[in-house]
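Student: Single-letter residue listing:
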Amino acid sequence: MELKEKLISSFMAFEERVDVNDSLHDVRINAMKNFETNGFPTKKEENWKYTSLNSVLKNDFSVFPKNENTIQYSDVKKYYLHEIDTYKVVFVDGVFSSFLSSTTHDGIDVCLMASALTKPKYKMIIDTYFNQIAQKDDSLTSLNTAFAMEGAYINIPKNKVADKPIEIINFSTGTEAALLVQPRNLIIVGENSHVQIIERHQSLNSNPVLTNSVTEIFAAKRAIVDYYKIQNDNIEASLIDNTYIAQKQQSNVSVHTFSFGGNITRNNLNFYHQGEHIESTLKGITILEGKQHVDHHTLVQHATPNCESHQNYKTILGESSTGVFNGKIFVEKEAQKTDAFQQNNNILLSDKATINAKPQLEIFADDVKCSHGCTIGQLDETAMFYMQSRGIPKKEAKALLMYAFSNDVIQSIKIPELKARITKIIATKLGVNMGFDL
Amino acid sequence: MLKITNLHASIEDKEILKGINLEIKAGEVHAIMGPNGSGKSTLSAVIAGNETYTVTEGAVYLEDEDLADLAPEERAHKGVFLSFQYPVEIPGVSVTNFMKTAINENRKANGKADMPANEMLKLIREKSELLEIDRKFLSRSLNEGFSGGEKKRNEIFQMAMLEPKIAILDETDSGLDIDALRIVANGVNKLKSENNAVLIITHYQRLLDYIVPDFVHVLYDGKIVKSGGKELAHELEERGYDWIKAEN
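Chains as they are written, first to last, in the numbering used here: chain A, 4 to 441; chain B, 3 to 250.
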């Protein structure tokens, strides 16, 4: 059975399990209808021109895991930011693991989407926020909406600073031959509040996994949200990440995406401005090898005056890996005095590596500052020679240069332990030990 | 120490060096002068092993060892040092960390263990004082936002740290004000010994007032066309290079 058919029949079974009187019922039905009509995206669609899911979709994915699997904290500790205390919302094969998590309701809510979707006390919040900014005509987002149940629910009321970072970790254990998981996260950050979130997907063996994740983030007036995505999964794991962010006036939201692993990774990162003096930051480091593929599609919808957006994406592609950067900045007519900047630098280490870079600026206001810069090049030979002439071997010299290339993005990580972790992952990936913390 | 015999080198089939012969003994300072485009920087790059150039004939020996098959880092491990005319900026890597990496890679190649941290700190302090380098400077990203003078001082600081057998200073005086020039020259003079040698590549005689060469060679059109003592540098300063061109 094709995956699409399997999903349609699974949906009927799923619908029977969830409360049909629920107000979400219509939302799910409509979402499923949209998925049925549009199906999985193909390369014929402009937005998917350079990314094909065909090789992934041919796997016989289980939609609901049949076996429950427990994992020991000691086995997965290394995937946590264990150097510091954090809140943790952890899922194993798409199912919440209370044993591996550390949630709270003390002043802030860091808990489960499943509770928020089913318990009456959250009904008003769900009606107000759930599926409000997720793209209803996007088929993969719709598929996620139809099956939405497990995921993280984070609600920081106004005037609160979350006392520690929050980790959202999705493990897959490989007990199923192939597994499809669809986490759904809802994050609401109140006026003047501040939160730092780290999201990670990690499969623990080599069975194929496809993750189709949707995250909605609402930042109220003057809220500050720092969001970090670590994509360093193994080679059989593919990820489609759909993140939607709505910002009210004077809020400041940053998303850093570190794409080092995985088979096919697609990031759809969308920012919507709903007030003045908003700041949005989108940064990414992508380092790939083998036949890995990462596709970054960003959208910043400048709908209001006096807002800023900064984008900075660095990509290093080795061997036969492929990368895509499609950065869309949309400035509506009302969005005067917009300051939008987009930078995308790419280094190709091999003749077989490919990058498709497409800045896309659509500007309808006449008093704005919008700029973009895109470079594609090789490692600087002179710089290599400089370091070698000081006795630093080629491999280490190369690593230093790549580190230097991505340095400005690394430096903007606000959690020191995370910064150290990311540089360590990069050093490991480049196979070097520089004798100091890169 | 360094011996160059009939060295021919080209880039993309264009011959730049057309038969260079030069011998530098331990304890000596040599200067190579010449007009722009005569091949000065190519010579220094070829000695250091830059793979952009192809050696078509002849050889470079360091203490009787042919360097032909050695990568730039292997030459460095054996004691070749090149001070760059345009040092490269490496954001995010501090001067100290860069030096630690370079020192320990050199030690590793020579079968030694990493330098203990306290020894490294002592060495860095000692050598940075020699070049009148401020502590704060050492934690800055390598060459990033450095002034011309800071970059050159940093090059000589690295030379001091690595203690090469043969140091090639490629246009080290360019972009230096008189104070920086004095500091750099003073550093080089203090590092000079009976066991090492210095090759200064320069367009102007200025630096040679501070680092006095034992021999001066004039490079023109890929060949050494004239050699002499330090007075040759003064003659070039007064008369320019036109008479050299006219004679050749």
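Source of the hints: derived by calculation from the structure; they are not laboratory data. It is possible that part of the hints are untrue.
To be verified - Listed next, the in silico DSS-like pairs over lysine-lysine satisfying Cα-Cα at most 27 Å (straight line):
(1) B:Lys225 to A:Lys427
(2) A:Lys294 to A:Lys61
(3) A:Lys397 to B:Lys110
(4) A:Lys81 to A:Lys61
(5) A:Lys397 to B:Lys80
(6) B:Lys20 to B:Lys192
(7) B:Lys16 to B:Lys192
(8) A:Lys427 to B:Lys16
(9) A:Lys91 to A:Lys124
(10) A:Lys397 to B:Lys114
Student: Has the given pair, Lys16 of chain B with Lys192 of chain B, been kept, meaning a C-alpha gap of at most 27 Å?
Tutor: Violated, because 39 Å separates the two Cα atoms, which is more than 27 Å.
Student: With a cut-off of 27 Å on the C-alpha distance, tell me whether Lys397 of chain A and Lys110 of chain B pass.
Tutor: holds, 15 Å
Student: Is Lys427 of chain A close enough to Lys16 of chain B, meaning Cα to Cα at most 27 Å?
Tutor: The hint is violated at about 44 Å.
Student: Please work out if Lys397 of chain A and Lys80 of chain B have their alpha carbons no farther apart than 27 Å.
Tutor: holds, 16 Å
Student: Taking 27 Å as the top limit, are the C-alpha atoms of Lys20 of chain B and Lys192 of chain B close enough?
Tutor: Status violated; Cα separation ~34 Å.
Student: Hinted pair, alpha-carbon criterion (27 Å max): Lys81 of chain A, Lys61 of chain A. Please report holds or violated.
Tutor: violated, 32 Å
Student: Check whether the Cα positions of Lys91 of chain A and Lys124 of chain A lie no farther apart than 27 Å.
Tutor: holds, 23 Å
Student: Run the distance test for Lys225 of chain B versus Lys427 of chain A: straight-line Cα separation, threshold 27 Å.
Tutor: Since the Cα atoms of Lys225 of chain B and Lys427 of chain A sit roughly 49 Å apart, the hinted pair is violated (cutoff 27 Å).
Student: Can the restraint linking Lys294 of chain A and Lys61 of chain A be considered satisfied, given a maximum Cα separation of 27 Å?
Tutor: With Cα atoms ~18 Å apart, Lys294 of chain A and Lys61 of chain A stay inside 27 Å; holds.
Student: Would the hint linking Lys397 of chain A and Lys114 of chain B be met if the CA-CA limit is 27 Å?
Tutor: Holds, because 20 Å separates the two Cα atoms, which is no more than 27 Å.
In the structure shown, a violation is registered for the earlier hints numbered 1, 4, 6, 7 and 8, in ascending order.
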